[in-house]
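Since chain Z is already given, all that's left is putting chain S on it; use the hints.
Protein chains in written order, with full-length UniProt numbering: chain Z, 1 to 490; chain S, 1 to 490.
To be clear, the hints were calculated from the coordinates, so they are not data collected in a lab. Heads up, some of the hints might be wrong.
In silico lysine-lysine, DSSO-like type, Cα no more than 27 angstroms apart, as pairs [claimed, not checked]:
no.	chain 1	residue 1	chain 2	residue 2
1	S	Lys98	Z	Lys452
2	S	Lys112	Z	Lys112
3	Z	Lys478	Z	Lys452
Partner residues aside, some chain S positions facing chain Z, computed with beta carbon under 8 angstroms [stated by the list, open to error]:
no.	residue
4	Lys38
5	Ile145
6	Gly244
We treat Cβ as the ideally placed atom computed from N, Cα and C, and that holds for glycine.
Number of protein chains: 2
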Amino acid sequence: MSKEITSREADYSQWYNDIVLKADLAEHSAVRGCMVIKPNGYAIWEKMQAILDKMFKDTGHQNAYFPLFIPKSFFSKEASHVEGFATECAVVTHYRLKNDGNGNIIVDETAKLEEELIVRPTSETIIWNTYKGWIQSYRDLPILINQWANVVRWEMRTRLFLRTAEFLWQEGHTAHATAEEAIEETERMLHIYADFAENWLAVPVIRGRKSPNERFAGALDTYCIEALMQDGKALQAGTSHFLGQNFAKAFDVKFTGRDGKLDHVWATSWGVSTRLMGALIMAHSDDSGLIIPPKLAPIQVVIVPIYKNDEDLSKISSYVNELSLRLKGMGISVKYDDRDTQRPGFKFADYEMKGVPVRIAIGGRDLENKTVEIARRDTKLKQTVPQEGLDIYIAKLLEDIQQCMFNKALAYRDEHITEANSYEEFQELLDTKAGFISAHWDGTPETEQKIKEETKATIRCIPLDNKLEDGICIYSGKPSIQRVLFARAY
Amino acid sequence: MSKEITSREADYSQWYNDIVLKADLAEHSAVRGCMVIKPNGYAIWEKMQAILDKMFKDTGHQNAYFPLFIPKSFFSKEASHVEGFATECAVVTHYRLKNDGNGNIIVDETAKLEEELIVRPTSETIIWNTYKGWIQSYRDLPILINQWANVVRWEMRTRLFLRTAEFLWQEGHTAHATAEEAIEETERMLHIYADFAENWLAVPVIRGRKSPNERFAGALDTYCIEALMQDGKALQAGTSHFLGQNFAKAFDVKFTGRDGKLDHVWATSWGVSTRLMGALIMAHSDDSGLIIPPKLAPIQVVIVPIYKNDEDLSKISSYVNELSLRLKGMGISVKYDDRDTQRPGFKFADYEMKGVPVRIAIGGRDLENKTVEIARRDTKLKQTVPQEGLDIYIAKLLEDIQQCMFNKALAYRDEHITEANSYEEFQELLDTKAGFISAHWDGTPETEQKIKEETKATIRCIPLDNKLEDGICIYSGKPSIQRVLFARAY
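Bound conformation, chain Z alone (with noise of 0.2 angstroms):
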């Protein structure tokens, strides 16, 4: 099995699926758009899960589980959810099989649905049909609920964790009795977003709002997070939404205010999908392969013995295992390797190609001089450090190692955001630079729809802390009150 991958360079698409592939993340499966989730992928994701799902608890919600099935004319309520959702999605239109008699298994056609089922694309009209259940009053709100789930979208180009048919991911859904309050948390959930991937997954992200072209079919105000990737596209990499009445007032969902009177309620959603891993793996990597910030990596610390007899393979072990406990006992995660199938070279550049962080190799001179040899994946330099003290060096090396990923990726996104003040400009930029491109934007759909037309580019979003700024509409000439923040993106 070669571990050579495409670089960069050469094919930035071909070298983002090697490294899905040759890093054992994901696979394609047998079933057309779905991908398989290999352990060594999953258990970056159950990480990012963990964590997650203690942010979320840590700020009041709950976690909960809604159908995975959604009767077909739920989807009508919504005017605009339906535009949205309804449309490329897996459809449930039988409840059983039978052996046609030759030995074929055949739909069994006398087991048609009354009415089709589609496999949930995301869950705001099962979770607010019954949201109806459950609120009568304003002391059973705040509902703050979250879900982990599977979805499906029926996706006709695929590919592995950015857009595959079905992903996980959590989707949260609250009920407040007040637009503020709704607000509130549409932006509490979008920091919390921003602080994950700033401080765990070491991706810079831009905090901003779609343009209306942009947003979530059924939402009022759409918030995102954007990240930007090696080749200067950007990846939406979380949102939330601000859903107004919208679907309180398609399921009929009203409350009695502390004043007595009726109002429907206002509702949040916000998630984040198993596409946070390609974003993990486009913002870091290599052309060595994966490399995954230490606060994410399943494993932190792998350990290689250098041997030439088993009572070299001995002592170096009582070593390791001895600073193995060590390690544990401070919460790092090692794996010491001593198959005696693969030689240390093939060891090396598979936890190179797996992204593990921190590689400490360990022979029997290093035993002599008290001495171990580590390297670190994201820059590959190699040191040869003392055994004295090499638990608290391994515990800053982590850290260091955390802050100049994120370090990287924050000094590539602050050189790729670029002003563009003509639309020549503008095109040009996203045909040598890329990145993300401030620029002035008449504020309307027509001209968004033009530009994304004509160069694939998109408004990513308009920038939270945004200045106001007079200027002139790179496309239409007409005025405008601030740059927008345009790019090509995944």
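Frame of chain Z, contents of chain S only:
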């Protein structure tokens, strides 16, 4: 909202439903047979997941994720599997909806799948189709993988948690080089399930093997843990299957052994589901509501202040905050319910219904006397306890409750294993005492089937520690070598 529930004696089945609904564990959804798991229920399931997941990982298993959908043709590949699973299932036939022009959302007949997809009822087929690409040599074995997932079986008669069209579960799927190793794995997982049931759920179980009639479709041997509910019916709480080479043959999964020879891989699969929630509820609860074993209780201790004015409350709260910190420091989960919208009596009844193991009430006089009032949920005993050393007292009390709940369930179970030596005795026992009936059986599927048809009792298992004993089959009068356990079951 009335918190009264039907008594067990009046209507056991209604009692169960009342608890599920009034303890806010789950409810029926708008989709036939699918449930909504509410936050109170999901929090218990999450604790179960966390404990089991650690047990799996401690025994070398890793998590992964396989597709929700399975191509129809996969089910035809393993002859007995198809009979068991490819009948009542959700069939996806189309991948698009459209607007018919009159505002109705209809299925787009031009978007019909070439091959129908089945929503997984269990994942052996898609997983073994995947393993084919992962296994070439003995070096690739064993594969020890688990997945947490939703599955769908189109059940016609559903009951919350016990039998629903969609349910949540974990399914382990392992691949081995030898039959011995696979059998060892099958048994290891059975014992893990039994350990979990007894030491966490506080539900005693019998470890045994299924008769051929009751085996998993496609297995050579099915091991199970069987629990007894308070109405004398059995509940299968977990199964572990030795699949032999059936799926490896069906999906052509071979490996080169150490000896260079090519052979089919040996398999196991094992699973437990949200059905465990049903076992927890039915094994322990009483006519006042749910009783949760402390080790699985999301809230172990609830504290309710009894006060006349704000000054009282402020003094109580200051003591409670300090107590809560100490308890949390010991890993005990505590909720302080100082809501002013509900009276103490309402809160007492509510936490009783929801099964919180320990309730502490504290009023002005308690503060003076340096005492609190403690009520344990399982026995409903109340005592006044000194504040001094209260944290240690509560920690021990939680352990005691856990043990008492197990002992009580064990005593009940052991009283309900009865020998029957004739079919008349057998039938009478079923209608009077119920429970497990230990009886001789001639070992034939025909006899088992007849008994099932005539009495609705099935062979729950042949206990692993069964003694051989010559006897006569209660039904056929033919010779028998051992007693087996019959029961009516959920």
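| said: Which constraints among the numbered hints does this structure fail? Numbers only, ascending. | reply: 6
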